[in-house]
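Q: Please take these sequences and the hints and turn them into a complete structure.
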Amino acid sequence: MAPIALLADTHMPKGARRLPQRCAELIAGAEALIHAGDFLTVAVLKELEALCPVVHAVHGNVDEAILRRSLPEALELTVGGRVLAVLHDAGPAHGRVERLRKRFPTADAVLFGHSHMPLHERDGDFQIFNPGSPTERRRAPRRSMGMLHVEEQGLRFEHVWL
1 MAPIALLADT
11 HMPKGARRLP
21 QRCAELIAGA
31 EALIHAGDFL
41 TVAVLKELEA
51 LCPVVHAVHG
61 NVDEAILRRS
71 LPEALELTVG
81 GRVLAVLHDA
91 GPAHGRVERL
101 RKRFPTADAV
111 LFGHSHMPLH
121 ERDGDFQIFN
131 PGSPTERRRA
141 PRRSMGMLHV
151 EEQGLRFEHV
161 WL
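First residue of the sequence shown: 1, per our numbering; consecutive thereafter.
Keep in mind the hints are simulated off the structure, nothing from the lab. We treat Cβ as the ideally placed atom computed from N, Cα and C, and that holds for glycine. All the given hints hold, so there is nothing to weed out.
Here are the simulated distance ranges between beta carbons:
1. A93 <-> G154: 19 to 29 angstroms
2. A65 <-> Q153: 40 to 50 angstroms
3. F126 <-> P13: 34 to 44 angstroms
A: Dropping the structure here:
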């Protein structure tokens with residue numbers, strides 16, 4: 001199985017902002033794409049669907065009204081026999097792992113965005129992952145995205161620095 005591309009916080013269009021070429025290539029070669037919100041416009045969702053026909057997504061806080069109406073606030077997917085929950089804003093860093101574990105009790109992992117800060121934390125077998133942003137790094141050292149590898153021992157998350 002090919003890896004699954006992970007995005008959040010694309011915030012496009014904004015000025016001349018575009019997806020980095022490496023990001024587009026990884027999405028095009030992926031089994032699926034999971035986006036944790038803040039596309040900004042429906043045109044960005046359509047652009048991503050043209051790169052990878054299988055897109056799972058939630059809406060973010062800055063998404064236009066049509067996206068907020070058509071995409072859920074949170075979702076749970078089964079990936080390789082494991083449950084992956086997705087939402088945009090996971091709240092403050094303090095207590096985040098425990099809060100997400102409580103909100104998604106059957107999940108093996110949670111994908112989220114909002115902060116633009118790449119993050120991967122584990123608590124036993126439970127994982128949380130923020131891919132960062134491929135277009136707007138804010139306080140992050142670099143722009144980034146993620147890749148999810150489904151392996152026999154479980155889900156393996158990887159940051160890709162753009």
